[in-house]
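Asker: Okay, here's what each chain looks like letter by letter:
Protein chains: 2
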Amino acid sequence: MTILRQPTRAGVRDAAAKIALILPPTPLFVLPINGVDVAFKAESLQPVGAFKVRGAWHRLTALGSEARVRGVVAFSSGNHAQGVAWAAKRLGIAATIVMPSDAPRVKVESTLALGAEVVTYDRATESRETIAARLAEARGSTLVPSFDDAWIIEGQGSAGLEAAAQMTALGLGSPVRAVVPCGGGGLSAGIALALPDAAITVVEPDGWDDMKRSLEASWILPVADDAPPTACDALMTKQVSPLTFDVLSRRDATGVAVSEAETAAAQRWAAEKLRLVVEPGGAVALAAVLAGKVAVKAGMLVVLSGGNVDLAAYGRAMTQT
Amino acid sequence: MTILRQPTRAGVRDAAAKIALILPPTPLFVLPINGVDVAFKAESLQPVGAFKVRGAWHRLTALGSEARVRGVVAFSSGNHAQGVAWAAKRLGIAATIVMPSDAPRVKVESTLALGAEVVTYDRATESRETIAARLAEARGSTLVPSFDDAWIIEGQGSAGLEAAAQMTALGLGSPVRAVVPCGGGGLSAGIALALPDAAITVVEPDGWDDMKRSLEASWILPVADDAPPTACDALMTKQVSPLTFDVLSRRDATGVAVSEAETAAAQRWAAEKLRLVVEPGGAVALAAVLAGKVAVKAGMLVVLSGGNVDLAAYGRAMTQT
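Chains as they are written, first to last, in the numbering used here: chain A, 808 to 1128; chain B, 808 to 1128.
Here chain A stands alone, though its shape is the one from the complex (with noise of 0.2 Å):
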């Protein structure tokens, strides 16, 4: 069974509500660009290194008694499988999580360390979205997709929620224009839906800025089949989805694409500065302004969406220049 629902701004707000029970807010940084304060949501320092818990959360806690005895499947070889795994594991609820054969071993360790069951598929020959959708079918689970999903966008929102209650209570007043990182366009679209006053700036790698292009557009654009190679894996996405993209359409959301080395600057900036770790797709959103491809201006928030790195890479970034 499909439940069709668009993301709203009440959904947002109740998302929050529900989140700030189980999670305290992510810290709220303020440091000056260019001598202009600028905000900084570390959603790197949530549980499992990225805002994917709050749309999990979300959905995991909207499901029925039934629903949750059958559990949940999702497929992800990254941030969102540990989202899930996370809401499940506190909600006792059983999760499956549909992997590649050849994801990294410590991003398959830390989704087992969480309770979930992994089950492995051949990229080259096999379908996660076929395999997922047939193991939910086969056991009445509930497929809970990464950004393609009312929950999933009004959980992510609450980011913004708690940012803005964050930068009012330092007199910053509420965010004026939130620039975040983007790859199927949930935690974007939901913050959208949770700033309505403030201007939405997406952010995505070079080459795989197909939310940019689609909002010049207006219409859904895919990542060409020759995209570039890129650090960002969080932001690996070959289509954004219909609800997304609405959102985002709706308010006249710009995009603007950054490259590899301008995201490489930006994680050194976010450790020498504000001594936080951000991956690549993390740090887009910063990359953008750092790179004076969004002009600074008095509030504005810039969120740092994870934080989970491959420490070789890391270590190559910090030292690059």
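A couple of the hints might just be wrong.
Same chains, same label: a pair holds when it works inside one copy or across any pair of copies.
Once the Cα atoms are required to be at most 25 Å apart in a straight line, the calculated DMTMM-like pairs of lysine to aspartate or glutamate come out as [said to hold, decoys possible]: (1) K1080 to D1117; (2) K1045 to D1033; (3) K1104 to D1032; (4) K1104 to E916.
Since the hints were derived computationally from the structure, they do not count as laboratory data.
Chain B: place on chain A using the hints.
Answerer: For chain B alone, kept in the frame of chain A given last:
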């Protein structure tokens, strides 16, 4: 005029109340080591990247209006300098920081950016203590020591009260053991005062373990002249002070020394598991626990005291194995 005063637990409480008005509590993270939940206090996320703002704030706010007008003097090439400059700026007090002429440019610039005056000296021919004392006397300024001062110790101790309140709120109870990086002993003595029921373990780099040896000898022993090089620049204190030593000695604190490799491994663990950038000196307590030199037990508090890194050295620590 020198004010002789012993640090007290009441002073730590007073410091904590004052600090709570200006600084939000630093995050406390809970993560298992060998299956046991351990609490990590992220002082690396303070403004200026270290706990030093605590002691500086407590000391400077205790100055009378006349002393405030005459300003403060401190000597330090690192975190203490920034802490004093940070507090002085917020209080409108003129701060003069004595730094070696070969101090890293970035540290000089950060100190200047905080509005302090920087006076340089030649490490080879001059003594910073003499220069700072002479400056203080000439200007009638107050000298702010980095650890040999009751206010500084009490201020740093506020981290212990904060952590205990956070652990209690999380249902972990008050800390049963605090494991703390130790240079001059200001932070560890302050935490010992803050937590009268906790066992105290101080951690130093190999060869710079003068507090450990002093506690074992019941007498203050200096660092040997041929002490090995260490990446823990924040902990390269040649000799602890009677104030810090006496507090720790009365509390039967014990010392542990860690190797450079153990410290780098702890930096990697903090990056991977906590997504925090921790400087070598800030990571030694974690290093001692991960290396099995301090037995892991429930209710343990590990302090991550600072996060100011040289990116090139940090990148090497990330990739070193």
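Asker: Honestly, which of those hints from before does the structure not fit?
Answerer: 3
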